[in-house]
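J.: The residues making up each chain are set out below.
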Amino acid sequence: MSRLKPRDFLKAAIFFILLFMAWGTIHVWSRTMAVEQGYCLSHQQALKEQFVTDNNALQLEISTLKSSKRLESMANDMGLHTPCPDQVIYIWQDE
Amino acid sequence: MPGSGDIHMAGRVKFILSLFLILLGALAVRAFCLQVVMDDEIISHASNRFDCTVKLSAHRGVILDRKGESLAISIAVDSVAANPYLIKNPYFEASRISKILGVDKELLAARLKSKKYFVWLKRYVTPSEVAALKDLHIKGIGFYKESKRFYPEGASMANVLGIVGMDGYGLEGLELFYNNILRGASKQIVAQRDGLGRIIYARGLSQVSPRDGFDLHLTIDRRVQYIASTALRNAIQRDNARSGFVIVTNPGTGDIYAMASCPSFDPNRRSYKNLIGHKNRIVVDAFEPGSILKPFIVSWGLDHSIFEPADIRFCENGKLSFHHITIHDHEKYGWLSVKDIVRYSSNIGMVKLGESIGAHDLYKCIKAFNLGATTGIDFPGEARGIVREPGRWTDIDMANIAFGQGVAFTGIQLITAFNAMVNGGVMVKPHLIDAITDTKGHIIHKYKPSIIRRVISPKTSEEIINIMRSVVEDGGTGEAAKMNGYHVFGKTGTAQKIDPITGTYSHSAYLTTFFGGLLDGNARPIITMLVCIDEPHPNYYASQVTCPVFKEIAGKCVNVMNVSPTIKIAQKE
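Chains as they are written, first to last, in our numbering: chain B, 783 to 877; chain X, 170 to 742.
It is worth saying that the hints were derived from the structure and are not from the lab. Quantities reported herein were computed from a predicted structural model and do not represent experimental measurements. In this text, a Cβ means the ideal position worked out from N, Cα and C, and glycines have one as well. Any given hint could turn out to be false.
Mimicking BS3-like on lysine-lysine, the simulated pairs with C-alpha atoms at most 25 Å apart in a straight line are [as the list claims (entries may be wrong)]:
1. X/K314 - X/K356
2. X/K609 - B/K830
3. X/K284 - B/K851
4. B/K851 - X/K448
5. X/K224 - X/K448
6. X/K284 - X/K268
7. X/K314 - B/K830
8. B/K830 - X/K224
9. X/K284 - B/K830
Covered stretches of chain B (in silico footprint by chain X; criterion: 3 or more residues with CB under 8 Å from a CB of chain X, positions within the stretch not fixed) [stated by the list, open to error]:
10. 799–809
11. 819–825
12. 829–842
What follows is a set of in silico ranges between Cβ atoms, one per label pair, in the way DEER data are often shown [as the list claims (entries may be wrong)]:
13. X/A250 - B/Y821: 31 to 41 Å
14. B/T807 - X/L305: 18 to 28 Å
15. X/L305 - B/Q819: 30 to 40 Å
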C-alpha cells in the first residue's frame, strides 16, 4: 500500500479549503439574500396594506359622495325635486 | 553546530507555538460548547433579541346595500399615544397638543403626568392632525394605526347597521349579529426585527394568510331607506310625536327594503349620550296594534267560512254596552257588512265578528299568523310580544283583542303577518341579508326565501286585499293614502296607549299606524309597508298622521324602484 505523498496531501488540503470557502461564501450570500428578500417582503406587505387602506378610503369617498343626503341637498340647491306620481309620464317602449 | 542563541530561539518558538495551540484548543472547546452543548440557550437568546410576533390583521368586511353601495366600511386611521415618562414638561406639551387635537388641556396634562408607560391622547385623528403633531417633534409621542368603521349613510341606517366598538367587535345591530362573518380571522407569524426595529420576513410569509371578513349584501335599498327615514323624521317633527318607525318589504320574498326608526343616532360620532336612539323599534318594541289587527281576524273568519264579506252585523249606532264597559265607534254605524266593518274600522262590528269566531279560534288565528312569537329575523334582540292563553281571557279581553287591544306585537311580526295575508297566504321569513361574499366577490351564501307555512288560502288572500282596497277608497279610513295611478290597499290603526299613572287607556296618548301596499298589473302586491308613529299631537288619527307618510314614501319608492303604474295613462297609437 503506497503512502500518500506530501504533494497530494497539499492538493487535497487546498481542495477542501476551497470547498469550504465556496460553501461559506454561498452560505453567507444565501443568508444575505434571505434577509434582503425579507426586507422586500416586509416592504411589499406594507405596500399591500397601504393599497388596501387606500382602496377602502376611496370606496368610502365614493359612498360619501353618493350618499342620498348629499345628492338630495345638491339637487335641491339646483332647484330639482322628486316628481310626484302624477308628474311622471309613462310612454310606450319601441318594439 | 548551532550556538546557544539558536537553541534559545528554538525554545521560544516552541513555547509560542504551544501557546497558540493551547489557545486554539481553548477556542475550539469554547466553540464546541457554544455550538453543540449550549446551542439551544444561544438560539433562544438570539430569538429573544431579533424575533418578534407580527399580527397580520384581517380586514372587517364591508356591508353593502342591494345595489352594491357601501353602507359600512373600515379604514385604517391614526391614533395618538404617549409615554408620560419621556415627556419633559407635561403642562407645556399638553397646551401645544391640545391646540392641535382639540382635547381639553387639563385632561391631556393629567394623562401626560400619569405614572404609566402608555396613555392614549386621542383615538382616530385626521391626517392633518398627525402632520401638525409630527411637526412639534415631541419626544415620547407615538402614532398607531387603528381600524375605524365609517357609515356613509349616517343616521338613516344606524338603527339597522348598529356600530362597532374600538376593539373592532360589533356592538349592536347587524354589526353584532354578523360579527363573526364580518370580522374574519387574524393570523400571527414570527418575523425578525433589525436594529432599527424594522420587520424582516426572512423566513417568508406564511402560506396561510389571514382570512379577511366576508362582505354582507343587504336586501335594503339605501335610497328607499333614506326616503323612509326622511319622511318619518319630518312626520315626527310635524306631528310632535315621540318616536316612530317605517318598514318597507317585498311581501313575496320577505326582503326588507327599508327599516327606519326615529329617533336615531349618528354612528360616525360614537356618542352614547342618547341610547334611546340606538333602538331598532321595529324589532325590539312590542305595542298594542289597535285596528290593524282587524284584517287578520277577518281573513281568518273568511278562510274558515265563519262569515262572508257580504254578511252584515249591527253596529249599535256607535255605542255598545258590554258587561261593565262601553265600546265606541268613531261614527254612528248601523248595519255594516264585514267588508265595511274593515273599511270604516268599526270596533263594535269587530267585537261581533270576534264573538262569531270564538276565543279559541281567535287565539289560533293570532298564532297562525305567528303574532306573539319571534319571526327569526337576522337581527339581535327580537322581542316576542304578549299574547295570553285563551283560557285566561274574559269576555272583555276577547272583545278588546277583536279590535287590537290587550295584545302586544312587534312591527316585524305585524309586517310579516301582513305579508302572509296579502301574498297569497304564505308566511315567509323576513330577512335583511341577501348574500354573503368573500373579498373577491365569490358568493359564500345566497339567501333564498324561506317559507314557514300556509296561513290562509290564495282566494281568501285576494278577498282580504279587495276589502283593504276599499279602506283607501273614498270614504274609507285610509283615504289619505290613495295614490293616483296605483292600486293601493291598507288598513289604518289608532290605538289608545296605557296611561302609566292610572293604568287605564289614555285619552290623550295614541299610537297611530298604517300598513298597506301597492299592487302590480296582475293585482299582486309588490311593496308592503308599515308606518307607526307614537303619541302624535294634536292630530292622532291615522288618516292625518300615518297615511300621508305612507303616500309620500310609496310615491317616491315607485320612482326609484321602477314600479310602473297599474292604471293605463298613455295609449299606444
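J.: A separate judgement is required for each hint: does it hold in the structure or not?
T.: Hints versus structure:
no.: 1; hint: X/K314 - X/K356; result: holds, 17 Å
no.: 2; hint: X/K609 - B/K830; result: holds, 15 Å
no.: 3; hint: X/K284 - B/K851; result: violated, 47 Å
no.: 4; hint: B/K851 - X/K448; result: holds, 22 Å
no.: 5; hint: X/K224 - X/K448; result: violated, 35 Å
no.: 6; hint: X/K284 - X/K268; result: holds, 24 Å
no.: 7; hint: X/K314 - B/K830; result: holds, 15 Å
no.: 8; hint: B/K830 - X/K224; result: holds, 15 Å
no.: 9; hint: X/K284 - B/K830; result: violated, 38 Å
no.: 10; hint: 799–809; result: violated (count 0)
no.: 11; hint: 819–825; result: holds (count 5)
no.: 12; hint: 829–842; result: holds (count 7)
no.: 13; hint: X/A250 - B/Y821: 31 to 41 Å; result: violated, 27 Å
no.: 14; hint: B/T807 - X/L305: 18 to 28 Å; result: violated, 49 Å
no.: 15; hint: X/L305 - B/Q819: 30 to 40 Å; result: holds, 37 Å
In the structure shown, a violation is registered for the earlier hints numbered 3, 5, 9, 10, 13, 14, in ascending order.
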